[in-house]
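One letter stands for each residue in the lines below.
Protein chains: 4
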Amino acid sequence: MQFETIQLNEKRNVTLTVMAQDIGGEFRGVTARPAVLILPGGGYMFCSDREAEPVAMPYLKAGFQAFILRYSTGEHGHWPNPLEDYEQAMALIHARAEEWHVIPDQIAVIGFSAGGHLAGAAATMSVNRPNAAILGYAVLRADTAAEIGVTIPGIAELVDEKTCPCFLFATRTDSVVPIQNTLDMLNALNRAQTSFECHIYGYGPHGYSTGDPSLLGSGVMIPDRAQDWVDDSIVWLRDLFGVFGADGQAEPVCRAHVTDDAEAWLSLDCSVSRIFGNAEAQRMLTDLIAVMREKIVPFAPGMSFEEMMQAMSRMTLRQVLSERRIETDRFHELDEALRRIPNI
Amino acid sequence: MQFETIQLNEKRNVTLTVMAQDIGGEFRGVTARPAVLILPGGGYMFCSDREAEPVAMPYLKAGFQAFILRYSTGEHGHWPNPLEDYEQAMALIHARAEEWHVIPDQIAVIGFSAGGHLAGAAATMSVNRPNAAILGYAVLRADTAAEIGVTIPGIAELVDEKTCPCFLFATRTDSVVPIQNTLDMLNALNRAQTSFECHIYGYGPHGYSTGDPSLLGSGVMIPDRAQDWVDDSIVWLRDLFGVFGADGQAEPVCRAHVTDDAEAWLSLDCSVSRIFGNAEAQRMLTDLIAVMREKIVPFAPGMSFEEMMQAMSRMTLRQVLSERRIETDRFHELDEALRRIPNI
Amino acid sequence: MQFETIQLNEKRNVTLTVMAQDIGGEFRGVTARPAVLILPGGGYMFCSDREAEPVAMPYLKAGFQAFILRYSTGEHGHWPNPLEDYEQAMALIHARAEEWHVIPDQIAVIGFSAGGHLAGAAATMSVNRPNAAILGYAVLRADTAAEIGVTIPGIAELVDEKTCPCFLFATRTDSVVPIQNTLDMLNALNRAQTSFECHIYGYGPHGYSTGDPSLLGSGVMIPDRAQDWVDDSIVWLRDLFGVFGADGQAEPVCRAHVTDDAEAWLSLDCSVSRIFGNAEAQRMLTDLIAVMREKIVPFAPGMSFEEMMQAMSRMTLRQVLSERRIETDRFHELDEALRRIPNI
Amino acid sequence: MQFETIQLNEKRNVTLTVMAQDIGGEFRGVTARPAVLILPGGGYMFCSDREAEPVAMPYLKAGFQAFILRYSTGEHGHWPNPLEDYEQAMALIHARAEEWHVIPDQIAVIGFSAGGHLAGAAATMSVNRPNAAILGYAVLRADTAAEIGVTIPGIAELVDEKTCPCFLFATRTDSVVPIQNTLDMLNALNRAQTSFECHIYGYGPHGYSTGDPSLLGSGVMIPDRAQDWVDDSIVWLRDLFGVFGADGQAEPVCRAHVTDDAEAWLSLDCSVSRIFGNAEAQRMLTDLIAVMREKIVPFAPGMSFEEMMQAMSRMTLRQVLSERRIETDRFHELDEALRRIPNI
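Going down the list, the protein sequences come from chains F, L, X and P. First residue of the first sequence: 1, per the numbering used here; consecutive thereafter. First residue of the second sequence: 345, per the numbering used here; consecutive thereafter. First residue of the third sequence: 689, per the numbering used here; consecutive thereafter. First residue of the fourth sequence: 1033, per the numbering used here; consecutive thereafter.
Just so you know, not all the hints are guaranteed correct.
[As the list claims (entries may be wrong)] Below, a list of computed lysine to aspartate or glutamate pairs in the EDC-like style, where the Cα atoms sit at most 16 Å apart:
(1) Lys983(X) <-> Asp247(F)
(2) Lys639(L) <-> Asp591(L)
(3) Lys295(F) <-> Asp935(X)
(4) Lys639(L) <-> Glu624(L)
(5) Lys639(L) <-> Asp1279(P)
(6) Lys1327(P) <-> Glu650(L)
(7) Lys1327(P) <-> Glu1338(P)
(8) Lys850(X) <-> Asp793(X)
(9) Lys295(F) <-> Glu327(F)
FYI, nobody ran anything at the bench for these hints, they're computed from the structure.
Here chain F stands alone, though its shape is the one from the complex (with noise of 0.2 Å):
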């Protein structure tokens, strides 16, 4: 294992702390890693420790490499310093992805607080993209980026239909940064179509990191669960990532958008409604048609099969035919199909 600080910006006093995995040997099958970058919180003035090594380590656990960004605060913490302090972090991984082991496009950011700012603004407006985001009780709208000195936009207004998806949690009870940060980065996500998954506590303080007994006081009130963002967000990137072990990587189980209706090709991921809605498309799957007519049993009785394809419209197809166990060996073939027919 590579364990090592490097100084990325000796003025304003940046590092980047490598922590990278064997592969190979008796890690057979691992040729790489997916990755996380820590990005850790306290209001630009500096950067916690209780937000960076202690979060790298369950990550580690489960076969990432992990690295945690020191960036700017304080007197140098001022916009855009910190993005900037990103962009040369996350080029230099790359740059060096292979000698730290990493797989290029399974890097996802961890940002705390302050840092779930930066971690926003990765997501948005970088120029060197992750490829999903972690958002703890992260500062994600203007006011709130205005009290901690930040000028620039929230972060929620720039979510576009090219931002990675994102895991966010919070405690309802944060009294440092207004949950309404965290529902307003959920509204826009969800006007990209945007994949997300966000977990808000019933109570706690704010800037609890992993919630581990070692890192809190004993008067602290926050309840067990909010503990399990960690293991959930490993799940959730190994969702997105697909599972890696000793026979490789396995195919993702969850996509960066709920549908592909915004795409220029139709594709199995497309809804119900929009590929049914298309003449092309309908004509070339009237084979297909008839099997989902004869297999797909009503949810209420009474249901024509008409009706249920309503009640099903805005599924995927390939939820439809996968949930209904319908010509499921033949999905590759009906995505190639689909692909050559233009969505319009």
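Guided by the hints, dock chains L, X and P onto chain F, whose structure is given.
Same frame as chain F, but now just chains L, X and P:
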């Protein structure tokens, strides 16, 4: 244990299933139990068995009483029939609380899909209000309600400060009830300063109930963690109601509102800014402020006490004192004193 | 859902409580269910309500049917009355399996303390054998049985290869039933090559049932994880019986015996040493051995194929082929071929 | 965080990897940390990387320091070389405890397979004893040790009352190290009245480390719950050492021995029978007995106080008073008084 099914409305085929556990005897210390009233989904066309008895079981295991309302559906399913059924059921539970060993002010509704719409209506517009609501992939927007033929305002716009705490869960890719339903409700609850918890899982189908494999087909794609809402909601109810066991019931650890700032009198659960912005409170708490000044360690180097107070201005005074372990044995006394000061 | 309590023996006050969930309808694919028969503890002096209905609930949630036998206790509690009651109850469940939607060869007993003694007797000496047994802080030794007035041999010494798979749990500091009871049973099950799972939690009291807080006093010292036996036992039963859901029932992943080495004919579930020590099998598998020689990567550098076979000699051939991903699509064919060779 | 690899023995290629987290600063209240020393497996032929760094991570996350000893193997692997390496490593950790922020009497060993044999030797026959031992699918019997070429007695027969508390886990179907190894150790620990916890999962291969998917092939059959040993062992260590966090360290909740009955003086942790069988103690506790007589509710109707005392005779007096909530604020005083009475 009592188990019976009561016909509430023969014509509309409305029934209440009662599952009431014993008290006393070996359940020493348990003299009555909190309860859940389950409202299955089914688009107001039917009541799904998959969201009925199987849902009751984990709450029964946790010591709750469980009731299942099979409300008006199909030809009788038009509004406000289902809400009337709810009122009748809740009134009956209150009337027979002693017989069924129910704590009358600790009754939660649990609704799924259309049943989640009904649970949301119970939480916002009913006469017989529940004390908490668990809303599973619930219909909460007017446009989605219209799709299933309910022509009332959406639930989200009805939320006010009298709305009970809510626990919401859904999958991000729900293709029947769009996730915006849940997001609208979160926004509304936040505006009302109401307690909530929310889990939106990265992907999965609509209508998955508890997510137990016995309820799903093997082709259904859904992450294991999407089952966590069940146990999470149980602990959340204990957070709100207080853990109960052989020694009686403990104090709640989560309150119905984030702060008491909207109340007529001050309390330890008002925000720091509210309390210290009140001249009378400031005078009364002179000694406490001196202690705080001494004991509160700043978040960052160079922070003054006033900056710390500013940083904690949205916390309740109880939280500040509890986390910093200041005068924790005087909580009751301090609270009493504050409750004699008008919140102006 | 059917719920009824049947009097099995009026004089001895023996009852069977039936909790049978529906099939068909929305539980599509579910035509019958596995079941648990719960035997509460109470030192053969009474049947504890804390180890009765509350225990049934999680299994019902998981789709099982649940039965509770309140067997003979007190003045009627002398042996073999309770075992007779068990036989009567199990015979009745078999007789009415269709009516109660029970899969007759997927019935587990769950017993606690003295009820664990009875469950152990069911597993080892009954006529109507269960298909699995869950033994909670169970009395399994003759000397402990004598303390509660049961004058039969201990259960552990009755274990033989016909004993069903067992799941055992207890706390290490149980001061009523010493942990040696559980240890003796493990030793006996291992000698018989029988499947088992065991969880002994570091500390905690006797008689804690599911460990749910509603059943315990607040002064009771017990780790949270001591509740895990409930969910673990459910998944273990699914491992043994096969997961069931809307598409029917999957293959089991755990077998009743560690290997088939004691069977009359060979199979893929015999150990490597047993199979390759059989001349006829060796001849038949010449081609497979060639494939294995090529595909099996040694555990350590410099290991020969023969040394690898030696290192894996206690594995079943199915395990070797599965883990090394060799000819996995020929499992059924290979198994059939081996089953034609006498195990001599 | 300090990360370094120290060569302990160049000739035998023995190294100690140090992963030492910071103290103070934001880790306020943490002045030193408990630690784990990891002993990977590999049949004394090599040290498995899969049982090294990936195992350290969860303990680091939980606030522990982590050390990995790559001990003598292969041509240098003959006994007692590995034990000498262990002694050297543990002595070094003690010598540099301050520099590495380690609490010297809170160091656990974690060993897997052959490394579990070494960890067992550390627990039973070393000079520099650990304070707890986690033994994963460990070689603990003489006959299995002989198979991997270690010609010392098995570990189980070396257990005595000086052996530290042990946490054992394995899979029931381990085909490399038979489960009897673990069972023998449990029997020995019980005879010595030593604390232990044990999890034997229903099926799964040898050598599965943490069970994280990144370490396993996709064809490996193992239940998800077989990963639970990691988190369970962390909480178990906290039970033994006391939870630590920003306010320092709490009292342990689990003791190294089940009772203090083998000690020279009485204490609150002696069994009820031991204490009330001592005439001097009985005299001293006259008042307490009167209170107990009044407050102790019998387990069953008609039980006398004397029968209750008999039923609780193996409980420690601390447990009885704690569970029944009797005089819990006088524990320290009562304990002090008992500690002045010889245990005869």
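Is the straight-line distance between the alpha-carbon of Lys295(F) and that of Asp935(X) 16 Å or less? holds, 13 Å
What's the verdict on Lys295(F) and Glu327(F), does the C-alpha distance respect the 16 Å limit or exceed it? holds, 11 Å
CA of Lys1327(P) to CA of Glu1338(P), is that 16 Å or under? Measuring from Cα to Cα gives roughly 13 Å; hence the hint holds.
With the threshold set at 16 Å, check whether the alpha-carbon distance from Lys639(L) to Asp1279(P) stays at or below it. Holds, because 14 Å separates the two Cα atoms, which is no more than 16 Å.
With the threshold set at 16 Å, check whether the alpha-carbon distance from Lys983(X) to Asp247(F) stays at or below it. holds, 14 Å
Agreement of Lys850(X) and Asp793(X) with the hint, judged by alpha carbon distance not exceeding 16 Å: holds, 14 Å
Given the hinted pair Lys639(L) and Asp591(L), is their Cα-Cα distance within 16 Å? violated, 35 Å
When you check the alpha-carbon spacing of Lys1327(P) and Glu650(L), does it fall within 16 Å? violated, 52 Å
Would you check the hint for Lys639(L) and Glu624(L), treating anything up to 16 Å between C-alpha atoms as holding? Not OK: Lys639(L) and Glu624(L) at ~23 Å, beyond 16 Å, violated.
Of the hints listed earlier, those the structure fails to meet are numbers 2, 4, 6, in rising order.
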